[in-house]
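Trainee: Sequence:
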Amino acid sequence: MLHGGFLSVVIAWHEQVFDKVVIVSPVTFMLLAAIMWLFAASIYLWVNCPRILQQDIPGAPPWYYYLLAVPLCIYAFMTPWAVLQLLGAIRLPIM
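The opening position of the sequence shown corresponds to residue 95 in the numbering used here, with each subsequent residue numbered one higher.
Among the clues, some could well be false.
Pairwise CB distance ranges (calculated) [said to hold, decoys possible]: (1) N142 / V177: 11 to 21 Å; (2) L181 / W157: 31 to 41 Å; (3) A170 / I137: 36 to 46 Å; (4) A183 / Y159: 29 to 39 Å; (5) Y138 / Y169: 29 to 39 Å; (6) I129 / Y169: 18 to 28 Å; (7) M172 / V141: 23 to 33 Å; (8) A176 / G153: 12 to 22 Å; (9) I137 / M172: 36 to 46 Å; (10) L125 / T173: 12 to 22 Å; (11) Q179 / P144: 34 to 44 Å; (12) Y158 / A128: 37 to 47 Å; (13) A183 / I137: 12 to 22 Å; (14) W140 / L180: 34 to 44 Å.
I should point out that these hints are in silico values taken from the structure, not numbers from a laboratory. Note that this is a predicted model, so its numbers are computed, not measured. Where is the CB? At the ideal position from N, CA and C, for every residue including glycine.
The whole structure should be built from the sequences, with the hints applied where relevant.
Mentor: Structure representation (structure tokens):
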């Protein structure tokens, strides 16, 4: 989650500073990061599917905790980017 937060801060800073200079759009970086997260999540679920579906592992969380982790990861990824966008809009409002 920290990696997603740092990545979103870098993307937002890149968008505010280098948007006119660099050819690659920050949205491209965000889509690439989303594809990488989706790939990593699918590999994780593929490898751990039997373990996740077992309910008799002592100390293991229920299977739906993994589904609850998805909005948390999205929140941790998007919040710093949204805060920087809000601060940028307050600093330089578009009229």
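Trainee: Could you run down the list of hints and mark each one as holding or not?
Mentor: Checked hints:
no.	hint	result
1	N142 / V177: 11 to 21 Å	violated, 33 Å
2	L181 / W157: 31 to 41 Å	holds, 39 Å
3	A170 / I137: 36 to 46 Å	violated, 20 Å
4	A183 / Y159: 29 to 39 Å	holds, 36 Å
5	Y138 / Y169: 29 to 39 Å	violated, 19 Å
6	I129 / Y169: 18 to 28 Å	holds, 19 Å
7	M172 / V141: 23 to 33 Å	holds, 27 Å
8	A176 / G153: 12 to 22 Å	violated, 35 Å
9	I137 / M172: 36 to 46 Å	violated, 23 Å
10	L125 / T173: 12 to 22 Å	holds, 19 Å
11	Q179 / P144: 34 to 44 Å	holds, 41 Å
12	Y158 / A128: 37 to 47 Å	violated, 23 Å
13	A183 / I137: 12 to 22 Å	violated, 37 Å
14	W140 / L180: 34 to 44 Å	holds, 37 Å
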